[in-house]
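Visitor: Take these sequences, add in the hints, and give me the full structure.
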Amino acid sequence: GARSAWITDEVGVESAGKQFMRAQQIYHIGSLLGIVLAVPIARNSLQLPYFIGGGLFVIFAIFLILYMPEKGFTPTPKEERQTFGHFFSTMRSGFNTMRSRTTLIWFSLIALFVGLYSEGWDRLTEPHLLANYAFPDLLGMTMGPVEWFAVLNVASSLLVIAANQAASRSADTGAPLQLARILQGLYALMVISMVGFALTGNFWGAIGCMLFFDTLRGVTSPLSQAFINHFVDSKFRATVLSMTGQIDAFGQMTGGPIIGLVGRLYSLRAAILTSAAILMPSVPLFSLLLKAERNVSKTPVEV
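Heads up: the sequence shown is residues 8 to 310, going by my numbering.
Hints may be right or wrong, so weigh each one.
The calculated DSS-like cross-link candidates involving lysine-lysine, where the alpha carbons are at most 27 Å apart (straight line), are [unchecked claim]: (1) K78 with K25; (2) K78 with K298; (3) K242 with K25; (4) K298 with K25.
Hints in this document: simulated from the structure, not taken from any laboratory.
Guide: Below, the structure written as C-alpha coordinates:
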(Lines of atoms letter the chains of each structure in order from A; the text may use other names.)
(Lines give C-alpha, C1' and ligand atoms only; values in the text may rest on other atoms or scores of the structure.)
Protein backbone atom coordinates (compact mmCIF):
# COMPACT_ATOMS: atom_id res chain seq x y z
CA GLY A 8 0.00 0.00 0.00
CA ALA A 9 2.68 2.50 0.98
CA ARG A 10 4.72 1.96 -2.18
CA SER A 11 1.76 2.37 -4.52
CA ALA A 12 0.56 5.41 -2.58
CA TRP A 13 4.03 6.97 -2.77
CA ILE A 14 4.24 6.51 -6.54
CA THR A 15 0.75 7.93 -7.02
CA ASP A 16 1.49 11.00 -4.90
CA GLU A 17 4.73 11.62 -6.80
CA VAL A 18 3.45 11.33 -10.37
CA GLY A 19 -0.31 11.93 -9.95
CA VAL A 20 -3.31 9.64 -10.30
CA GLU A 21 -3.54 10.06 -14.08
CA SER A 22 0.07 8.96 -14.67
CA ALA A 23 0.39 6.34 -11.94
CA GLY A 24 -1.13 3.51 -13.98
CA LYS A 25 1.54 3.77 -16.65
CA GLN A 26 4.21 3.74 -13.95
CA PHE A 27 2.72 0.61 -12.37
CA MET A 28 2.85 -1.20 -15.70
CA ARG A 29 6.41 -0.03 -16.31
CA ALA A 30 7.35 -1.27 -12.84
CA GLN A 31 5.82 -4.66 -13.64
CA GLN A 32 7.96 -4.85 -16.77
CA ILE A 33 11.13 -3.91 -14.88
CA TYR A 34 10.30 -6.47 -12.19
CA HIS A 35 10.15 -9.27 -14.75
CA ILE A 36 13.31 -8.05 -16.48
CA GLY A 37 14.97 -8.26 -13.07
CA SER A 38 13.60 -11.78 -12.64
CA LEU A 39 15.15 -12.84 -15.93
CA LEU A 40 18.50 -11.35 -14.96
CA GLY A 41 18.23 -13.06 -11.58
CA ILE A 42 17.71 -16.44 -13.23
CA VAL A 43 20.72 -15.93 -15.50
CA LEU A 44 22.97 -14.81 -12.64
CA ALA A 45 21.75 -17.20 -9.96
CA VAL A 46 22.31 -20.44 -11.89
CA PRO A 47 26.13 -20.21 -12.20
CA ILE A 48 26.44 -18.80 -8.66
CA ALA A 49 24.31 -21.61 -7.21
CA ARG A 50 26.60 -24.20 -8.79
CA ASN A 51 29.28 -23.13 -6.32
CA SER A 52 26.98 -22.64 -3.32
CA LEU A 53 23.21 -22.82 -2.93
CA GLN A 54 23.43 -20.32 -0.05
CA LEU A 55 25.41 -17.70 -1.95
CA PRO A 56 22.52 -16.32 -4.09
CA TYR A 57 20.55 -15.67 -0.88
CA PHE A 58 23.46 -13.81 0.74
CA ILE A 59 24.00 -11.73 -2.40
CA GLY A 60 20.28 -10.98 -2.71
CA GLY A 61 20.04 -9.93 0.94
CA GLY A 62 23.13 -7.73 0.61
CA LEU A 63 21.73 -6.03 -2.48
CA PHE A 64 18.49 -5.31 -0.61
CA VAL A 65 20.44 -3.61 2.19
CA ILE A 66 22.42 -1.52 -0.31
CA PHE A 67 19.22 -0.59 -2.13
CA ALA A 68 17.52 0.42 1.14
CA ILE A 69 20.44 2.73 2.00
CA PHE A 70 20.28 4.23 -1.49
CA LEU A 71 16.54 4.93 -1.07
CA ILE A 72 17.09 6.56 2.33
CA LEU A 73 19.56 8.96 0.74
CA TYR A 74 18.02 9.63 -2.66
CA MET A 75 14.35 8.54 -2.76
CA PRO A 76 12.20 11.59 -3.63
CA GLU A 77 9.08 12.26 -1.59
CA LYS A 78 7.69 15.57 -2.79
CA GLY A 79 4.02 14.58 -2.79
CA PHE A 80 3.82 13.58 0.88
CA THR A 81 2.84 16.08 3.56
CA PRO A 82 3.86 14.77 7.00
CA THR A 83 1.75 15.44 10.08
CA PRO A 84 3.27 18.30 12.14
CA LYS A 85 5.25 17.02 15.14
CA GLU A 86 3.02 18.78 17.65
CA GLU A 87 -0.02 16.95 16.21
CA ARG A 88 1.53 13.49 16.22
CA GLN A 89 0.06 10.96 18.62
CA THR A 90 1.47 7.70 17.33
CA PHE A 91 -1.26 5.24 18.27
CA GLY A 92 -4.07 7.77 18.17
CA HIS A 93 -3.05 8.89 14.68
CA PHE A 94 -2.67 5.25 13.59
CA PHE A 95 -6.18 4.27 14.67
CA SER A 96 -7.61 7.50 13.29
CA THR A 97 -6.07 6.79 9.88
CA MET A 98 -7.33 3.19 9.96
CA ARG A 99 -10.82 4.36 10.85
CA SER A 100 -10.80 6.98 8.10
CA GLY A 101 -9.59 4.45 5.55
CA PHE A 102 -12.34 2.03 6.55
CA ASN A 103 -14.95 4.79 6.34
CA THR A 104 -13.64 5.70 2.89
CA MET A 105 -14.18 2.15 1.66
CA ARG A 106 -17.59 1.85 3.33
CA SER A 107 -18.85 5.17 1.95
CA ARG A 108 -18.07 4.32 -1.68
CA THR A 109 -20.02 1.45 -3.20
CA THR A 110 -17.36 1.05 -5.88
CA LEU A 111 -14.73 0.29 -3.24
CA ILE A 112 -17.03 -2.19 -1.52
CA TRP A 113 -17.49 -4.15 -4.75
CA PHE A 114 -13.76 -3.93 -5.47
CA SER A 115 -12.97 -5.28 -1.99
CA LEU A 116 -15.29 -8.22 -2.63
CA ILE A 117 -13.52 -8.87 -5.92
CA ALA A 118 -10.18 -8.78 -4.04
CA LEU A 119 -11.55 -11.44 -1.68
CA PHE A 120 -12.41 -13.80 -4.55
CA VAL A 121 -9.01 -13.14 -6.13
CA GLY A 122 -7.36 -14.15 -2.88
CA LEU A 123 -9.59 -17.20 -2.46
CA TYR A 124 -8.71 -18.69 -5.86
CA SER A 125 -5.02 -17.78 -6.04
CA GLU A 126 -3.48 -20.28 -3.61
CA GLY A 127 -5.01 -23.17 -5.50
CA TRP A 128 -3.49 -22.01 -8.75
CA ASP A 129 -0.11 -21.00 -7.33
CA ARG A 130 0.44 -24.25 -5.42
CA LEU A 131 -1.09 -26.83 -7.75
CA THR A 132 -0.10 -25.92 -11.31
CA GLU A 133 3.33 -27.57 -11.12
CA PRO A 134 2.08 -30.71 -9.31
CA HIS A 135 -0.68 -30.97 -11.94
CA LEU A 136 1.86 -30.86 -14.77
CA LEU A 137 4.12 -33.38 -13.01
CA ALA A 138 1.31 -35.80 -12.22
CA ASN A 139 -0.70 -35.72 -15.42
CA TYR A 140 1.68 -35.07 -18.33
CA ALA A 141 4.85 -36.49 -19.85
CA PHE A 142 7.44 -33.77 -20.44
CA PRO A 143 8.64 -33.97 -24.07
CA ASP A 144 12.01 -33.02 -25.51
CA LEU A 145 12.30 -29.56 -27.02
CA LEU A 146 14.11 -28.81 -30.29
CA GLY A 147 16.03 -32.06 -30.05
CA MET A 148 17.20 -31.37 -26.49
CA THR A 149 16.39 -33.70 -23.63
CA MET A 150 14.15 -31.73 -21.27
CA GLY A 151 13.14 -32.88 -17.82
CA PRO A 152 10.73 -31.09 -15.46
CA VAL A 153 13.46 -28.82 -14.04
CA GLU A 154 14.48 -27.58 -17.47
CA TRP A 155 10.87 -27.18 -18.57
CA PHE A 156 9.92 -25.11 -15.53
CA ALA A 157 12.92 -22.85 -16.15
CA VAL A 158 11.82 -22.36 -19.78
CA LEU A 159 8.24 -21.68 -18.70
CA ASN A 160 9.36 -19.10 -16.12
CA VAL A 161 11.42 -17.27 -18.74
CA ALA A 162 8.60 -17.44 -21.30
CA SER A 163 6.08 -16.18 -18.74
CA SER A 164 8.25 -13.19 -17.84
CA LEU A 165 8.77 -12.26 -21.49
CA LEU A 166 5.03 -12.48 -22.19
CA VAL A 167 4.15 -10.35 -19.14
CA ILE A 168 6.66 -7.70 -20.25
CA ALA A 169 5.11 -7.63 -23.73
CA ALA A 170 1.54 -7.62 -22.38
CA ASN A 171 2.21 -4.69 -20.06
CA GLN A 172 3.80 -2.79 -22.94
CA ALA A 173 0.68 -3.36 -25.04
CA ALA A 174 -1.60 -2.39 -22.15
CA SER A 175 0.43 0.74 -21.46
CA ARG A 176 -0.09 1.89 -25.04
CA SER A 177 -3.76 0.99 -25.37
CA ALA A 178 -5.36 1.41 -21.92
CA ASP A 179 -6.35 4.85 -20.69
CA THR A 180 -5.35 4.62 -17.03
CA GLY A 181 -7.01 7.98 -16.42
CA ALA A 182 -10.44 6.48 -17.21
CA PRO A 183 -11.52 4.24 -14.30
CA LEU A 184 -14.60 2.84 -16.05
CA GLN A 185 -12.48 1.69 -18.98
CA LEU A 186 -10.04 0.08 -16.54
CA ALA A 187 -12.90 -1.78 -14.85
CA ARG A 188 -14.14 -3.13 -18.19
CA ILE A 189 -10.63 -4.24 -19.13
CA LEU A 190 -10.18 -5.98 -15.77
CA GLN A 191 -13.54 -7.69 -16.19
CA GLY A 192 -12.45 -9.07 -19.55
CA LEU A 193 -9.08 -10.17 -18.19
CA TYR A 194 -10.65 -12.07 -15.31
CA ALA A 195 -13.15 -13.75 -17.64
CA LEU A 196 -10.29 -14.95 -19.86
CA MET A 197 -8.36 -16.09 -16.78
CA VAL A 198 -11.28 -18.29 -15.74
CA ILE A 199 -11.46 -19.79 -19.23
CA SER A 200 -7.71 -20.47 -19.33
CA MET A 201 -7.85 -22.16 -15.89
CA VAL A 202 -10.64 -24.45 -17.05
CA GLY A 203 -8.67 -25.26 -20.20
CA PHE A 204 -5.53 -25.98 -18.17
CA ALA A 205 -7.42 -28.33 -15.86
CA LEU A 206 -9.29 -30.27 -18.54
CA THR A 207 -6.91 -30.61 -21.49
CA GLY A 208 -5.10 -33.90 -21.84
CA ASN A 209 -2.47 -32.40 -24.13
CA PHE A 210 0.83 -31.12 -22.68
CA TRP A 211 1.16 -28.29 -25.19
CA GLY A 212 -2.42 -27.23 -24.59
CA ALA A 213 -1.79 -27.20 -20.85
CA ILE A 214 1.31 -25.01 -21.00
CA GLY A 215 -0.41 -22.75 -23.54
CA CYS A 216 -3.30 -22.20 -21.11
CA MET A 217 -0.87 -21.70 -18.23
CA LEU A 218 1.22 -19.10 -20.07
CA PHE A 219 -1.92 -17.34 -21.27
CA PHE A 220 -3.22 -17.18 -17.71
CA ASP A 221 0.09 -15.90 -16.30
CA THR A 222 0.24 -13.22 -18.99
CA LEU A 223 -3.26 -11.97 -18.19
CA ARG A 224 -2.58 -12.07 -14.47
CA GLY A 225 0.58 -10.03 -14.92
CA VAL A 226 -1.51 -7.16 -16.31
CA THR A 227 -4.30 -7.23 -13.71
CA SER A 228 -2.12 -6.08 -10.80
CA PRO A 229 -0.98 -2.69 -12.19
CA LEU A 230 -4.41 -2.02 -13.71
CA SER A 231 -6.10 -2.77 -10.38
CA GLN A 232 -3.80 -0.36 -8.56
CA ALA A 233 -4.45 2.30 -11.19
CA PHE A 234 -8.21 1.76 -10.86
CA ILE A 235 -8.50 2.03 -7.09
CA ASN A 236 -6.32 5.16 -6.94
CA HIS A 237 -9.11 7.11 -8.63
CA PHE A 238 -11.43 6.69 -5.66
CA VAL A 239 -9.21 7.32 -2.65
CA ASP A 240 -7.96 10.58 -1.20
CA SER A 241 -4.18 10.87 -0.88
CA LYS A 242 -4.34 10.99 2.93
CA PHE A 243 -5.85 7.51 3.14
CA ARG A 244 -4.52 5.92 -0.06
CA ALA A 245 -1.86 3.75 1.58
CA THR A 246 -4.34 2.58 4.22
CA VAL A 247 -7.04 1.64 1.71
CA LEU A 248 -4.54 -0.13 -0.57
CA SER A 249 -3.22 -2.05 2.43
CA MET A 250 -6.76 -3.03 3.41
CA THR A 251 -7.46 -4.48 -0.03
CA GLY A 252 -4.17 -6.36 0.23
CA GLN A 253 -5.22 -7.75 3.61
CA ILE A 254 -8.56 -8.84 2.16
CA ASP A 255 -6.66 -10.65 -0.60
CA ALA A 256 -4.38 -12.27 1.99
CA PHE A 257 -7.37 -13.38 4.07
CA GLY A 258 -8.80 -14.97 0.94
CA GLN A 259 -5.54 -16.84 0.37
CA MET A 260 -5.50 -18.17 3.93
CA THR A 261 -9.12 -19.28 3.65
CA GLY A 262 -9.20 -20.58 0.10
CA GLY A 263 -5.88 -22.44 0.09
CA PRO A 264 -6.84 -25.18 2.56
CA ILE A 265 -10.27 -25.64 0.98
CA ILE A 266 -8.86 -26.07 -2.52
CA GLY A 267 -6.09 -28.29 -1.17
CA LEU A 268 -8.71 -30.52 0.47
CA VAL A 269 -10.54 -30.83 -2.86
CA GLY A 270 -7.26 -31.88 -4.46
CA ARG A 271 -6.63 -34.49 -1.77
CA LEU A 272 -10.16 -35.93 -1.78
CA TYR A 273 -10.75 -35.87 -5.54
CA SER A 274 -7.98 -34.80 -7.93
CA LEU A 275 -5.68 -31.95 -8.90
CA ARG A 276 -7.88 -31.27 -11.92
CA ALA A 277 -10.89 -30.90 -9.62
CA ALA A 278 -8.93 -28.54 -7.35
CA ILE A 279 -7.91 -26.27 -10.24
CA LEU A 280 -11.49 -26.28 -11.53
CA THR A 281 -12.56 -25.24 -8.03
CA SER A 282 -10.12 -22.33 -8.21
CA ALA A 283 -11.66 -21.31 -11.53
CA ALA A 284 -15.16 -21.52 -10.06
CA ILE A 285 -14.10 -19.35 -7.11
CA LEU A 286 -12.65 -16.68 -9.41
CA MET A 287 -15.74 -16.68 -11.66
CA PRO A 288 -17.90 -14.36 -9.47
CA SER A 289 -15.38 -11.56 -9.98
CA VAL A 290 -16.65 -11.16 -13.55
CA PRO A 291 -20.30 -10.28 -12.72
CA LEU A 292 -19.10 -8.30 -9.68
CA PHE A 293 -17.34 -5.93 -12.07
CA SER A 294 -20.70 -5.37 -13.77
CA LEU A 295 -22.18 -4.37 -10.40
CA LEU A 296 -19.17 -2.15 -9.76
CA LEU A 297 -19.59 -0.41 -13.11
CA LYS A 298 -23.30 0.09 -12.48
CA ALA A 299 -22.59 1.60 -9.06
CA GLU A 300 -19.90 3.93 -10.37
CA ARG A 301 -22.11 5.31 -13.12
CA ASN A 302 -24.47 6.53 -10.41
CA VAL A 303 -21.95 8.47 -8.32
CA SER A 304 -19.38 11.19 -8.76
CA LYS A 305 -15.90 10.13 -9.83
CA THR A 306 -14.16 12.50 -7.45
CA PRO A 307 -12.22 11.06 -4.46
CA VAL A 308 -14.13 10.70 -1.22
CA GLU A 309 -13.13 13.07 1.59
CA VAL A 310 -13.56 11.73 5.11
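Visitor: Hint by hint, note whether the structure agrees.
Guide: Do the hints match the structure? See the list:
For the hint linking K78 to K25, the alpha-carbon distance of about 19 Å falls within 27 Å, and the restraint holds. Of the supplied pair hints, the one linking K78 and K298 is violated, its CA atoms being roughly 36 Å apart against a limit of 27 Å. Annotation: proposed proximity of K242 to K25 holds, straight-line Cα distance about 22 Å (limit 27 Å). This hinted pair checks out: K298 and K25 have alpha carbons roughly 25 Å apart, not beyond 27 Å.
In summary, the structure is inconsistent with hint 2 from the numbered list given earlier, while agreeing with all the others.
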